[in-house]
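> The chain contents come next:
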Amino acid sequence: AQSVSQHNHHVILSEAASLELGCNYSYGGTVNLFWYVQYPGQHLQLLLKYFSGDPLVKGIKGFEAEFIKSKFSFNLRKPSVQWSDTAEYFCAVLNNNAGNMLTFGGGTRLMVKP
Amino acid sequence: DGGITQSPKYLFRKEGQNVTLSCEQNLNHDAMYWYRQDPGQGLRLIYYSQIVNDFQKGDIAEGYSVSREKKESFPLTVTSAQKNPTAFYLCASSPDRGRTNYGYTFGSGTRLTVV
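Same order as they appear, the protein sequences are chains A and B.
Take the first sequence: its position 91, counted from the start at 1, is 91 in the working numbering, and no numbers get skipped.
Take the second sequence: its position 114, counted from the start at 1, is 1114 in the working numbering, and no numbers get skipped.
So here's chain A without its partners, still in its complex pose:
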């Protein structure tokens, strides 16, 4: 079975600091990759996704992620975080050969200090 690992469970940054959240997955075949964000008290929203083409994907609110196939990674980055980026971030992998199911990582809780 495929799995998704997010190694940073809690991250605390000051405003304007750079962000990188790690995501690694176990499946070796064709995958589609996602990052979701859950702001306090709100529902999960899609931040960005990758399913083919340029491995550097740009999403909403200045976020980007890079798919590195050889490392089975899809790390999320943002050059300069804001207080409003405080949220929980989930990496997810969709395996087209396993019933099109999304498998989620454990989440990373980001707190940005003003």
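Just so you know, the hints here were simulated from the structure itself, not pulled from any lab data.
Quick reminder that beta carbons are idealized off the backbone N, C-alpha and C, glycines included.
Here are the simulated lysine to aspartate or glutamate pairs, DMTMM-like style, with alpha carbons at most 25 Å apart: (1) A:49 with B:1038; (2) A:49 with B:1030; (3) A:49 with B:1059.
If you want the ones that stay clear, here's a sample from chain B, every Cβ over 10 Å from chain A, calculated: (4) 1014; (5) 1016; (6) 1070; (7) 1083.
Got chain A sorted already, so can you dock chain B onto it with the hints?
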């Protein structure tokens, strides 16, 4: 506006009682899903349904049951057999099987507390 509606937002249940969580979507999506969210464990799949009148167990189906009698509705019953039911439950949907790579749309969730 199209979306997913989960109700109620907060639910309290006594031990030993069954409780049903509602999930309705007006997106005309074929597939629907139930996830359970616990701190530090991300989202774990309980049940999913790719089409009306069909559903499959996910990774943690024990103690739960579902039905899919209508395309728009996918209720989840948390039975008394579920040993640790206190959690945040999320419902999601996606278009047909061939377009699932567009991702899921999520509801706002139901927080269930067993007292």
